[in-house]
Amino acid sequence: MAVSVQAEDFNVGAEMAAMSAGRADIGALVSFTGLVRDMAGGSEMVLEHYPGMTEKALVSIEAEARGRWALQDCRIIHRFGPLNAGAQIVLVLTASPHRHAAFEAAEFIMDFLKSRAPFWKKEAGSGWVDAREADETALERWK
Amino acid sequence: MAVSVQAEDFNVGAEMAAMSAGRADIGALVSFTGLVRDMAGGSEMVLEHYPGMTEKALVSIEAEARGRWALQDCRIIHRFGPLNAGAQIVLVLTASPHRHAAFEAAEFIMDFLKSRAPFWKKEAGSGWVDAREADETALERWK
Amino acid sequence: MQVLYFAWMRERIGVPKEKVVTSAATVAELVEELKARGERYAMAFADMASVRVAVDQELTELSASLKGVREVAFFPPMTGG
Amino acid sequence: MQVLYFAWMRERIGVPKEKVVTSAATVAELVEELKARGERYAMAFADMASVRVAVDQELTELSASLKGVREVAFFPPMTGG
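Chains as they are written, first to last, in our numbering: chain A, 1 to 143; chain B, 144 to 286; chain C, 287 to 367; chain D, 368 to 448.
None of these hints come from the bench; they were simulated from the model. Worth double-checking, as some hints may not be accurate.
Examples of chain A residues toward chain C, derived with CB under 8 Å [to be verified]:
(1) V12
(2) E48
(3) Y50
(4) K56
(5) G86
(6) V90
(7) M110
(8) K114
(9) A117
(10) P118
(11) F119
(12) W120
(13) W128
(14) V129
(15) A131
Note that the Cβ used here is the ideal one computed from N, Cα and C, for glycine as well.
The shape of chain A in the complex, shown without the other chains (with noise of 0.2 Å):
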């Protein structure tokens, strides 16, 4: 299980080098990071989880993207809790011979994570977030 969900803050070149270690058969490696916009209003946001779905979840997400892309290695890391604008919430990382296998499945993780994953996003001037459409329709191509 290469999944964690934590309140603590992650360091993107430190996983990278940590899948990379000690072997010379990945040819592709694609890193995914998102980060708390500061939109107008509130720059601070709350991310609310549901422990244990979370991990579950998250696991789900990892395996399905293994069954269909030849993965050498994946990662992912979701923190939860109050976050300020700048902010690093979300890490994919996908490890595999060729290129196009590395975007897609970093692709897939991230689609199926922002709307099938439990996290809520409360921003401190505007309330809860509204799940985007487009969202749900990114599932589409997947299918």
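Since the structure of chain A is already known, use the hints to place chains B, C and D on it.
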């Protein structure tokens, strides 16, 4: 111009930190790192390039990507010279308010860089690497 | 059975979780029972298009059976990532 | 005019670049002139499907004009990234 063609290695974490430092409007940061795979036979490689034209080609690919997607920033680093198995070859970083733009732009840049930037790989064991049909057909997607 | 609420469902109902003794056979029946508990519940469950449900930590539908279930959670559409 | 060779084109011809005085109007005509220079050149240009050309550092076709051109480069399909 955020393009570098260099013999020296690069630090992905530091490049990402530099891109997001002092701003809080980025929502999505995607990185692609290409690495030298240890192929049976030879683990060392030499990357030849065409100085002058390489930089122009990368700048033009970056400009094309910025024209297609709303990127907040973009960075391309490509190494040349002798490279051992496991070494980093190329880095593409894209920043955007939304994840799909960042993912697509990074993949677009890699697809064009693969067969439109003047680099040639020679492996210690097997000689000059043949261009892959798949890399040429990958460009079809962006027409 | 443990019933959990998240995000604005939690805020509307006023508690993050509660023990519920029920003979409801499905999630939909449980929702009807909860709505009958008063205004806060009725408000929280007013627009079922905006309510998602997980049974024993798996996303499911309102028609899902509650047989042998230990944990049901209600929450708005997820907004992670 | 400066003519450059890269990768196995460079190895086959034996030099990375050379000054060429030519009255060729197009890249294709220049290729024919170069092939006539001897075996190494003939070998390097034997399979034109595997030869790419850049004129003044822009990728182009064999039919490209050489009018006013300062630099022509020949090389195999690129394999960067």
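Comparing the hints with the structure gives:
Restraint check, V12 (chain A) versus chain C: the minimum CB separation of about 16 Å is more than 8 Å; hint violated. Interface restraint check for E48 (chain A): the shortest CB-CB distance to chain C comes to about 6 Å, inside 8 Å, so the restraint holds. Hint status for Y50 (chain A): holds, given a least beta-carbon distance of 6 Å to chain C, under 8 Å. A distance limit of 8 Å between C-beta atoms decides the matter here; for K56 (chain A) the minimum to chain C is near 5 Å, and the interface restraint holds.
Given the 8 Å rule on beta carbons, the hint for G86 (chain A) is violated: about 16 Å separates it from the nearest Cβ of chain C. The restraint placing V90 (chain A) at the interface with chain C holds, with a minimum CB-CB distance near 5 Å, inside the 8 Å limit. For M110 (chain A), the interface hint holds, the least distance from its beta-carbon to any beta-carbon of chain C being 6 Å, beneath 8 Å. The interface hint given for K114 (chain A) holds, since its Cβ lies 4 Å from the closest Cβ of chain C, which is under the 8 Å cut-off.
Because the closest C-beta pair between A117 (chain A) and chain C is about 5 Å apart, less than 8 Å, the hint holds. Look at P118 (chain A): its Cβ gets to within about 6 Å of chain C, closer than 8 Å, so that hint holds up. Interface restraint check: F119 (chain A) against chain C, minimum CB-CB distance 3 Å, threshold 8 Å, status holds. The interface hint given for W120 (chain A) holds, since its Cβ lies 4 Å from the closest Cβ of chain C, which is under the 8 Å cut-off.
This hint holds: W128 (chain A) has a C-beta 5 Å from the nearest C-beta of chain C, less than the 8 Å allowed. A distance limit of 8 Å between C-beta atoms decides the matter here; for V129 (chain A) the minimum to chain C is near 5 Å, and the interface restraint holds. Look at A131 (chain A): its Cβ gets to within about 3 Å of chain C, closer than 8 Å, so that hint holds up.
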